[in-house]
Amino acid sequence: MVGRAGEPVGLGPDRRAAARGRRGDRLFHGAAATAGVLVVLIVVLITVFLVVHAVPALLHDQANFLTSRSWDVSVPMSFGILQLLWTTVATSVLALAIALPFSVGIALFLTHYAPPWLSRPAAVLIDLLAAVPSIVYGLWGAYIVAPKFAPIQDGIQHLLGWIPLFGGVSAISGGTTMLLVGIVLAIMVLPIMTAINREVLAKAPAAQQEAALAIGATKWEMVRTAVLPYGRAGIISGAMLGLGRALGETIAVMFILSALPQGSAWTWSLFNGGETFASKIASDAAELTPGLGTGAYIAAGLVLFLLTFVVNAVARLIIDGKKDFSE
Amino acid sequence: MSTLLRAAPAPRTTALAPGRSRGRTLRSSAATALIWLAFAIALVPLVWIMWTVLSRGLPSMLHLTWWNKDQSGVGPAGFDHQVRGARHAIVGTLLMAALTSLIAVPIAILTAIYLVEYGRGRIARIVSFMVDILSGVPSIVAALFIYAVWVTTFKLTLVPACASLALVLLMIPVVTRSAEEMLRLVPNELREAAYALGVPKWKTILRVVLPSCMSGIVTGGLLGFARVAGETAPLLLVASYTQFLNQNMFSGSMAALPTLINTNVQFMSSDPISADRVWGAACTLIVLVLAINLAGRLLGHLTRVKS
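So the protein sequences, as listed, match chains A and B. Going by the working numbering, 304 is the number at position 304 of the first sequence; the sequence numbering is gapless. Going by the working numbering, 305 is the number at position 305 of the second sequence; the sequence numbering is gapless.
Please keep in mind that the hints were generated in silico from the structure rather than gathered at the bench. Please note: incorrect hints may appear among the correct ones.
[Said to hold, decoys possible] Computed beta-carbon distance windows for the label pairs: (1) B:Gly198 <-> A:Pro56: 53 to 61 Å; (2) B:Met214 <-> A:Pro101: 49 to 57 Å; (3) B:Ile123 <-> A:Leu160: 52 to 60 Å; (4) B:Ser72 <-> A:Pro56: 37 to 45 Å; (5) A:Leu82 <-> B:Ser55: 55 to 63 Å; (6) B:Asn188 <-> A:Ile156: 38 to 46 Å; (7) A:Ala259 <-> B:Val47: 27 to 35 Å; (8) B:Leu299 <-> A:Ala259: 21 to 29 Å; (9) B:Leu206 <-> A:Leu82: 35 to 43 Å; (10) A:Pro290 <-> B:Gly198: 24 to 32 Å; (11) A:Trp268 <-> B:Thr153: 50 to 58 Å; (12) B:Arg184 <-> A:Gly321: 18 to 26 Å; (13) B:Arg184 <-> A:Leu165: 39 to 47 Å; (14) A:Ala207 <-> B:Ser55: 48 to 56 Å.
[As the list claims (entries may be wrong)] Over 10 Å on every C-beta distance to chain A, these chain B residues come out as not near it, computed from the model: (15) Thr32; (16) Ala38; (17) Leu64; (18) Thr152; (19) Val186; (20) Ala233; (21) Phe267.
Just so you know, even glycine gets a beta-carbon here, dropped at the ideal spot from N, CA and C.
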């Protein structure tokens, strides 16, 4: 029996309790939905505020924002992001190139190669790499690794100096180069990539693996034909997430990488110094004052935000597409 | 499934598998070796970092002054040999992370509840997508956003709580994702049983669903706490360093372990006392973060629902 507006009639002994329950439901649903909408609002607000404060500075920019390499934020301002963009993208892609094979290898180790007693503690050890604060990576990279790394770099330069990427740069000594930053960033993004790869590789269907072994495949052939193909989408999206992390890493880059003097010549070499978007903003943080100058840094931050937004959105779309496919 | 695979003895002898050439077996062994090697190489930086930080930082940490004195009385360049306390920075780090958790955890748990219990259709998909985007926002951009709102737009003076606001943006997605995962693990039968008894949905969530996955949610909160306690970049922008102990989140400057490191790092090569301070602070930070992180994991492991 149903009364007006679909209210159940005479079902419970206490209709007031039911009404209270409905009011509680509305309140609670409202609170949960508000929190969800707040998250959306935060992302929208970040975009809006960065754009609003970047535009006035961009309008006063005497140089081309996208193609200039200089960074002068005192009026008249002339600043451009080309050098920052190159340093950011080059170090991050380098980090990705190093971390990708390792993360797949380690994920295979954890899911298919490690003896059962080892696989869980080994996973915790890899996760611990993610728990080390980035400032500690920065200290370690700049003051412990760099001096030891310098002679190795000289050796690489000596052997491969004819390749533009490994050309000699006289201004930077002591190993604090983009190459070292790329290696340290690779270690920092390794845990997140490994975690995702491990998850997708563990889900490869067992029947096909057993079938592969049954028809005489070696273990590696089994992994190659019955495990890795199932992980491809997950591995790619994990790589994108790792790339996003590397693009935005601040303090480790700031500690390790030597800044370039203004007006130094352009080079493709990874033995160059420089600054990424994030490290530039952080190292000039003390000079930030409300005004047009800050707008230049906000514009740089906006570009970084857009870069990571695109990278993360692509990662997410790949994961979602795969989910639809497998269900 | 994996145990089954491992239990099956891999037919290694060529006599048993006539179709398998020596080259294929060799290639497989090489792959196995490379995969073990990849794992071994990944442990090198972990061990190296731990050894470096502990061997250089532990001596400073073991002095009582490290825990109960701040840096007052130390000259601006940091060349004092008497006072080497980090109390101001330790307290600052904990206070900032605590305030961050206080704001971020309720929002994150409510968002997770929305996504799991209420959210359907397009809005839920947008919220879920934005949680992912938020988790990818670089920490320096979060700080820049707070700076743009607080200083540039509203012309306010920066206070220590601003650092917490920036960290909130970084903590929300971490806690939301782990809480969401935990809520999804709660079996639907529990919810249905509560509904069948006439319990309203909100009470079901608060009294039945949340308690049954509380330990998992606490684990997520602790992991989020550990992450924001170690963050440096936002502090550089919105939390200026001070040598003195300050316990007020809403006025003055407040030190934190990362900014203590950042202030002293430039004197490291010329002044061994500054170097002691830097490594001591790094060691304290790593011990703090790892302890909270491991505590969270252990709690999650011990109270895990056996499936």
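Evaluated hints:
no., hint, in the structure
1, B:Gly198 <-> A:Pro56: 53 to 61 Å, "holds (60 Å)"
2, B:Met214 <-> A:Pro101: 49 to 57 Å, "violated (40 Å)"
3, B:Ile123 <-> A:Leu160: 52 to 60 Å, "holds (54 Å)"
4, B:Ser72 <-> A:Pro56: 37 to 45 Å, "holds (41 Å)"
5, A:Leu82 <-> B:Ser55: 55 to 63 Å, "violated (42 Å)"
6, B:Asn188 <-> A:Ile156: 38 to 46 Å, "violated (58 Å)"
7, A:Ala259 <-> B:Val47: 27 to 35 Å, "holds (31 Å)"
8, B:Leu299 <-> A:Ala259: 21 to 29 Å, "violated (43 Å)"
9, B:Leu206 <-> A:Leu82: 35 to 43 Å, "violated (54 Å)"
10, A:Pro290 <-> B:Gly198: 24 to 32 Å, "violated (58 Å)"
11, A:Trp268 <-> B:Thr153: 50 to 58 Å, "violated (40 Å)"
12, B:Arg184 <-> A:Gly321: 18 to 26 Å, "holds (21 Å)"
13, B:Arg184 <-> A:Leu165: 39 to 47 Å, "holds (46 Å)"
14, A:Ala207 <-> B:Ser55: 48 to 56 Å, "holds (51 Å)"
15, Thr32, "violated (6 Å)"
16, Ala38, "violated (3 Å)"
17, Leu64, "holds (24 Å)"
18, Thr152, "violated (5 Å)"
19, Val186, "holds (16 Å)"
20, Ala233, "violated (4 Å)"
21, Phe267, "holds (13 Å)"
Against the hints set out earlier in the document, violations occur for numbers 2, 5, 6, 8, 9, 10, 11, 15, 16, 18, 20.
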